[in-house]
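S.K.: Given the structure of chain A, go ahead and fit chain B onto it with the hints provided.
From first to last, the protein sequence lines stand for chains A and B. According to my numbering, the stretch in the first sequence is residues 18 to 204, in order. According to my numbering, the stretch in the second sequence is residues 18 to 231, in order.
Don't take every hint at face value.
[Claimed, not checked] Computed, partial: chain B to chain A, Cβ under 10 Å: (1) T65; (2) I72; (3) Q81; (4) R101; (5) F137; (6) F159; (7) D172; (8) A177.
[As the list claims (entries may be wrong)] Taking lysine-lysine and the DSSO-like style, the derived pairs with C-alpha atoms no more than 27 Å apart in a straight line are: (9) B/K92 x B/K122; (10) B/K92 x A/K155; (11) A/K39 x B/K222; (12) A/K122 x B/K182; (13) A/K45 x A/K81; (14) A/K119 x A/K81; (15) B/K92 x A/K114; (16) B/K182 x A/K65; (17) B/K145 x B/K92; (18) A/K45 x B/K222.
No wet-lab data here; the hints were simulated from the structure. Think of the CB as a built atom: it goes at the ideal place given N, C-alpha and C, for glycine as much as any other residue.
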Amino acid sequence: MKNILSLAFLLTISLGSIAQSKLPPIDKSPLDISYFPDNYPVLKIQDKITEPLLARVIYSRPQKNERKVFGELIEYGKVWRLGANEATEIEFYVPVKLNNTKIKKGRYSLYAIPNDEKWTIILNKENDTWGSFRYDLKKDIVRMDVPVQKQTSVAESFSLLFEKAGTGFVLNALWDDVKVSLPFSLQ
Amino acid sequence: MLPNFLRIASHTVLVLALCCCTPKSDDRPKLPLADSLKKVSPNQYVSTDQSPMDISYYPTEFPQHKFTGDAKAEKPVARVIYSRPHKKGRTIFSSSEKSLCSYGKPWRLGANEATEIEFFVPVIIDGKNVPAGRYILYCIPFADKWIIALNTNIDSWGLAIDASKDVMRTEIPVQQQAPALEDFTLVFAPASYGADLIMAWDEVKAVLPLVFSQ
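The shape of chain A in the complex, shown without the other chains (with noise of 0.2 Å):
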């Protein structure tokens, strides 16, 4: 009987940790978020906000582990999501122009074709997607070409951040030794 209770004690708390791990662990490159303006929600919070929310994006941050990043782990030439896990996504909350073009408030997907020198950035407008297996390129809004700018210091964890520039702003991407910047004027 007690051996009974005992299975039985143990098969419920198996079956919990069944029931448990199927919620979803912490992903090994976490999801973050970043505003222009910089720190938007707490500034919001603190009744700070001096400008418009004109844009923000959401991406997966994997990390260099001591890899060689690009031209190794992520190869030269082909499709990268700019982050991990689900393809990254960038929200226009007015309209902006990149490399001549008009594109319109609303949520888009966010690509690169890195090389040596430089980078090439798609927006297209397949959303809610995972990753750059699928990536269709008749949905693309728009390409550019931006240099690569090379680091003297490394970013362990992949970034991605807005900054200041001119009437508009640039969306840096930074990782290992990388840098691009992907500049948008306001129309």
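M.R.: Only chain B this time, still in chain A's reference frame:
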């Protein structure tokens, strides 16, 4: 460069300060944000969060289904974007003022930014019609029930909840679960009437039923 033990001690203090999920006066927005964040991370551009962000879709794993070609629709039905604090041996829900989420006090259902829920179609919650769109979601926990509120103050940090922007509130029962769950989790599950939004952390689980109107 600080000696190692000082760095570890200052990291610990920062981690404790950054992980709090109750709206205390010493919580994150009151800190010199950029400076303190730099210290918890090796990344000089944007720190990685102690409580990382995550996203859950309904249908469950919609983006994965989209890439395998199994998605039945172009758009998902709902998604939630939230940050995932860790239990780390602490008491999460209790009547004590010192617990992370005190009974009766609004909690952002996550960490960092306010938790965002987006409905791509109209839904019905507790008999009330909720138009498609983006909202923030928060709760007021109690021992036996949670009050769940949908609010229009989107793109805000989760500590200053403005109840005047609530669009609806509903009460749901609290269920106990064992073993304790380390990381706060929001995930959708299918239900006969639509979907459930499961909210689970520590020894507590609450379920918000979402009815999809046709």
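S.K.: Against this structure, judge whether each hint is valid.
M.R.: Okay, the hints, checked on the actual structure:
Evaluation of the B/T65 hint against chain A yields a held restraint, the C-beta minimum of about 5 Å falling below 10 Å. For B/I72, the suggested interface contact is upheld, since its CB lies about 6 Å from the closest CB of chain A, less than 10 Å. Because the beta carbon of B/Q81 sits about 5 Å from the nearest beta carbon in chain A, less than 10 Å, this interface hint is met. Given the 10 Å rule on beta carbons, the hint for B/R101 holds: about 6 Å separates it from the nearest Cβ of chain A.
This hint holds: B/F137 has a C-beta 9 Å from the nearest C-beta of chain A, less than the 10 Å allowed. Restraint check, B/F159 versus chain A: the minimum CB separation of about 23 Å is more than 10 Å; hint violated. Hint on B/D172 holds. Least Cβ distance to chain A is approximately 6 Å, under the 10 Å limit. The restraint placing B/A177 at the interface with chain A holds, with a minimum CB-CB distance near 4 Å, inside the 10 Å limit.
As the CA atoms of B/K92 and B/K122 are separated by approximately 35 Å, the hinted pair breaks the 27 Å bound. Between the alpha carbons of B/K92 and A/K155 the distance comes to roughly 18 Å, so the proposed pair stays at or under 27 Å and holds. In summary, the hint linking A/K39 to B/K222 is supported, as the alpha carbons are separated by about 14 Å, within the 27 Å threshold. A hinted pair counts as satisfied when its Cα atoms are at most 27 Å apart, and A/K122 with B/K182 qualifies at roughly 24 Å.
As the CA atoms of A/K45 and A/K81 are separated by approximately 12 Å, the hinted pair is consistent with the 27 Å bound. Simply put, A/K119 and A/K81 have alpha-carbon atoms about 35 Å apart, too far for the 27 Å limit, and the pair is violated. With a C-alpha separation of about 26 Å, the suggested pairing of B/K92 with A/K114 holds against the 27 Å cut-off. Only pairs whose Cα atoms come within 27 Å are accepted, and B/K182 paired with A/K65 is accepted, the gap being roughly 19 Å.
The hinted pair formed by B/K145 and B/K92 meets the criterion: a straight-line CA distance of about 23 Å does not exceed 27 Å. As the CA atoms of A/K45 and B/K222 are separated by approximately 24 Å, the hinted pair is consistent with the 27 Å bound.
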